[in-house]
Amino acid sequence: MKHPLLRKVLVLCAALSLPVLAAAPAAGPAVSAAKSARVIVKFKSDGPLMRESALSARAGELARVQHASRLSQRLGVAMRDGHAVAPRTQVVFAQGLSSAELVAKLQADPDVEYAEVDVRVKRSAAPNDPRYAGSQTTITPAVGQWYLRTPASGAVSSVNAEQAWDLTVGSPAIVVAVIDTGVRGDHPDLVGKLMPGYDFVSQDAPNDFTSANDGDGRDADPSDPGDWVTQAEVDGIFAGAGCIVEDSSWHGTQTASLVAASTNDAVGMAGTGRNVRVLPVRALGKCGGLLSDVVAAMYWAAGLAIPSSPSDLGTAPSNPYPAKVLNLSLGSSSITCSPTYQTAINAIVATGASVVVAAGNNAGLAVSQPANCTGVIAVGGLRHVGTKSGFSDLGPQVSIAAPAGNCVNQSGTCLFPILAATNTGATGPATNTYSDGSNPSFGTSFSAPLVSGTAALMLSRNPALTSAQVKSTIMASARTFPTTGGTAGAPTCQPPGSTPQDECYCTTTTCGAGMLDAAAAVTAAGTPSQPRALIFAAPAAVLPNTTITVDGSTSVGGSGTAINDYLWTLTNSGGIATLGATTNASTATISTTGEGTFTIQLRVRDTNNVFDTRQMTVAVATPLVQQPGTPTNGSGGGGGSLSWPWLLALLIALAMLRPRRAL
Amino acid sequence: MCVEPWHRGIPCIALPLLVACAGAKTPPPSEPYQRVLVYTAHEWPGPSEVADRTARLAGVPVRDAVQIAPHRYRMSLLCADADACRAAMNRITADRTFALGIDAEGRVQIPAKPSRDAAR
Chain A
4 MKHPLLRKVL VLCAALSLPV LAAAPAAGPA VSAAKSARVI VKFKSDGPLM
54 RESALSARAG ELARVQHASR LSQRLGVAMR DGHAVAPRTQ VVFAQGLSSA
104 ELVAKLQADP DVEYAEVDVR VKRSAAPNDP RYAGSQTTIT PAVGQWYLRT
154 PASGAVSSVN AEQAWDLTVG SPAIVVAVID TGVRGDHPDL VGKLMPGYDF
204 VSQDAPNDFT SANDGDGRDA DPSDPGDWVT QAEVDGIFAG AGCIVEDSSW
254 HGTQTASLVA ASTNDAVGMA GTGRNVRVLP VRALGKCGGL LSDVVAAMYW
304 AAGLAIPSSP SDLGTAPSNP YPAKVLNLSL GSSSITCSPT YQTAINAIVA
354 TGASVVVAAG NNAGLAVSQP ANCTGVIAVG GLRHVGTKSG FSDLGPQVSI
404 AAPAGNCVNQ SGTCLFPILA ATNTGATGPA TNTYSDGSNP SFGTSFSAPL
454 VSGTAALMLS RNPALTSAQV KSTIMASART FPTTGGTAGA PTCQPPGSTP
504 QDECYCTTTT CGAGMLDAAA AVTAAGTPSQ PRALIFAAPA AVLPNTTITV
554 DGSTSVGGSG TAINDYLWTL TNSGGIATLG ATTNASTATI STTGEGTFTI
604 QLRVRDTNNV FDTRQMTVAV ATPLVQQPGT PTNGSGGGGG SLSWPWLLAL
654 LIALAMLRPR RAL
Chain B
4 MCVEPWHRGI PCIALPLLVA CAGAKTPPPS EPYQRVLVYT AHEWPGPSEV
54 ADRTARLAGV PVRDAVQIAP HRYRMSLLCA DADACRAAMN RITADRTFAL
104 GIDAEGRVQI PAKPSRDAAR
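Those sequence lines, one after another, are chains A and B. Position in the first sequence counted from 1, then plus 3, gives you this note's numbering. Position in the second sequence counted from 1, then plus 3, gives you this note's numbering.
Calculated from the structure, these hints are not laboratory results. Do not rely on the hints blindly, as some may be mistaken.
[Claimed, not checked] Residues from chain B shown here face chain A by an in silico Cβ test under 7 Å; the list is partial:
no. : residue
1   : 89
2   : 108
3   : 112
4   : 115
5   : 116
6   : 117
7   : 121
8   : 122
[What the hints assert, rightly or not] Derived CB-CB ranges, DEER-like:
no. : chain 1 : residue 1 : chain 2 : residue 2 : range
9   : A       : 242       : B       : 86        : 49 to 57 Å
10  : B       : 119       : A       : 136       : 37 to 45 Å
11  : B       : 84        : A       : 494       : 19 to 27 Å
12  : A       : 502       : B       : 44        : 58 to 66 Å
13  : B       : 119       : A       : 574       : 54 to 62 Å
14  : B       : 84        : A       : 137       : 33 to 41 Å
15  : A       : 502       : B       : 96        : 34 to 42 Å
16  : B       : 103       : A       : 548       : 44 to 52 Å
[What the hints assert, rightly or not] Far from chain B, some chain A residues (derived; all Cβ distances over 10 Å):
no. : residue
17  : 140
18  : 252
19  : 342
20  : 486
21  : 497
22  : 625
For every residue, glycine included, the Cβ atom is placed at its ideal position computed from N, Cα and C.
Chain A extracted, bound-state conformation (with noise of 0.2 Å):
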């Protein structure tokens, strides 16, 4: 050792690693001996340590950041060097200790902006739902939930869903409102998937229920009693209405469950924005339903305010989860918006909610009402093979496109039939079971809640965006449509006429940007740039003495940053709700102890020490126990009202069945 420089350099090394050396745990148990640590590491732009990197970079460069040693010495723990991330940021690693504890002793350094596990970002298998998957061998249709996976030669529209959920598997604290005929909530795909919804079918005369099919107009039970016309009804009460003779179509059901069927579950089939929640919104019933109805339960669905409605008609609460998404998958034939619609889809829009629209299913004429109001985001229907649907509408309404399903055959099993949740009965309900090549469904109504439970993806992973974001992402994050591979002889469509326009090829001016891409939407989509605070309840429906569980667990960080740190707050108990010991952590409990109503607020904290606030208001209330003589909603078909002749024919045969006396 005759170079005094290199004597100098190695006596300093050897005294800079005493420290470490000494605080590096000994040898401990198997386990200790197999921890290990990876952290992403960003130092404060005014600390000594970048201080002294911006000194010693040369100029132009960015300062280098290698901070392993430094930081081994304070921490009293031996770490080494990764990449460079970012500015400022770097990977260490480190032996003996785990990710979770270096993040800790790391937060704890004043020269640390944060600190944050490296976690193994993998790509999401397929979800396990058996009807998701392509190569059926026990059902039809073979290919499974085409449109969601991954496009493909034989399935050019093919939404991409499955990259989308790599990014997002959809949190439960954002709400798509399923605006249809109700929903059958005991449904396999959908138990524990819906939030507290409500009825707006409102009576169609006074004392007359034909249209609600549940014996009653407005009320709190959502679900489907089925929506079944005969030719009786035809001829009389909806004689002018366009109704045909038909079956129940379960059709809330079926739009509900690709939105939100319970995913990777092994049960039954996939939904689009996995683990998002529906809100039913009952506003169709037999022959679909009147405006004043739909108008009252988007209003409703949105969490704005409507006139509480009179005793005859029930009286809607105030809705405590509104939906951040609205999916109407229904239409009248107007080809102008009416006012009613405008009104109404404008105040929605404003409170951020997207209002997502089919098409129609008119042969390829122009799109009508609501689909043709401004602020929607209206859906046409494309083959597996991205040319317009024969039956789905257009024009330069439609925003985007998406899958509709279609059997490429004319008889026998349909090849590519949107597979949805639905039910068997023909009139009331019976057993819950599944669209397949047999009983298909197709149809406009079906393209929109792909693109409803893809804005609810987006959602999940930026809160922020506006109703116009959401509508402009997806439309800016469409694939272009195919030129190719359609039926032989199919033209290119056309601006819409009174000639019906069977398939043709798809132009940005009559179906839409593009083809629903729900990984490039969600990409597009981003993240916050200030945290947002997300709050999911569950159970929705929260009984007196009970416990619940708030999650905040799928709140967003600014700028691509996580969540810190939880505080959760009971502001207002209501006399009623307690909660639990630990208020610090991604969830909490709360227990009821009456009915009333309380309010948690949770506060998050991200990386960059920025903090958004949430509020959520609770109601507890028993359920509402069925009335001797009321109708039973929801467990079959309807029936009238108990009037005043059968209340006098039961008094008569009451009375003659008593027995009497000889005299």
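Following the hints, complete the assembly by docking chain B onto the known chain A.
This is chain B only, laid out in the frame that chain A set:
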């Protein structure tokens, strides 16, 4: 009629039942009709009073009036054709002390299931 023997009482049960069955659903209007939403300028005691006033203003019979929200009543105008209905609606809104507005209420439906041919 409702005396012994017991079987003479059958009509006592059957007749009201028949009446009830027949009357369980409101028969459809035999005339052409237009369902409308009337936004009234002030609250009324009930839908029948609104229906009476609407009928007087419209010059056509009115039926099936129900209140769907404060100041909002749904009813059917029995008018001969679309032009007659439009004229009746105009007459109703001409009286601003009664109606602030009137909308023709359309029926909203789930899109009809396409034919197998259209879904090729």
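Hint check:
no., hint, in the structure
1, 89, "15 Å, violated"
2, 108, "5 Å, holds"
3, 112, "3 Å, holds"
4, 115, "6 Å, holds"
5, 116, "6 Å, holds"
6, 117, "3 Å, holds"
7, 121, "4 Å, holds"
8, 122, "5 Å, holds"
9, A:242 to B:86: 49 to 57 Å, "20 Å, violated"
10, B:119 to A:136: 37 to 45 Å, "26 Å, violated"
11, B:84 to A:494: 19 to 27 Å, "39 Å, violated"
12, A:502 to B:44: 58 to 66 Å, "46 Å, violated"
13, B:119 to A:574: 54 to 62 Å, "57 Å, holds"
14, B:84 to A:137: 33 to 41 Å, "55 Å, violated"
15, A:502 to B:96: 34 to 42 Å, "37 Å, holds"
16, B:103 to A:548: 44 to 52 Å, "48 Å, holds"
17, 140, "24 Å, holds"
18, 252, "6 Å, violated"
19, 342, "7 Å, violated"
20, 486, "19 Å, holds"
21, 497, "17 Å, holds"
22, 625, "28 Å, holds"
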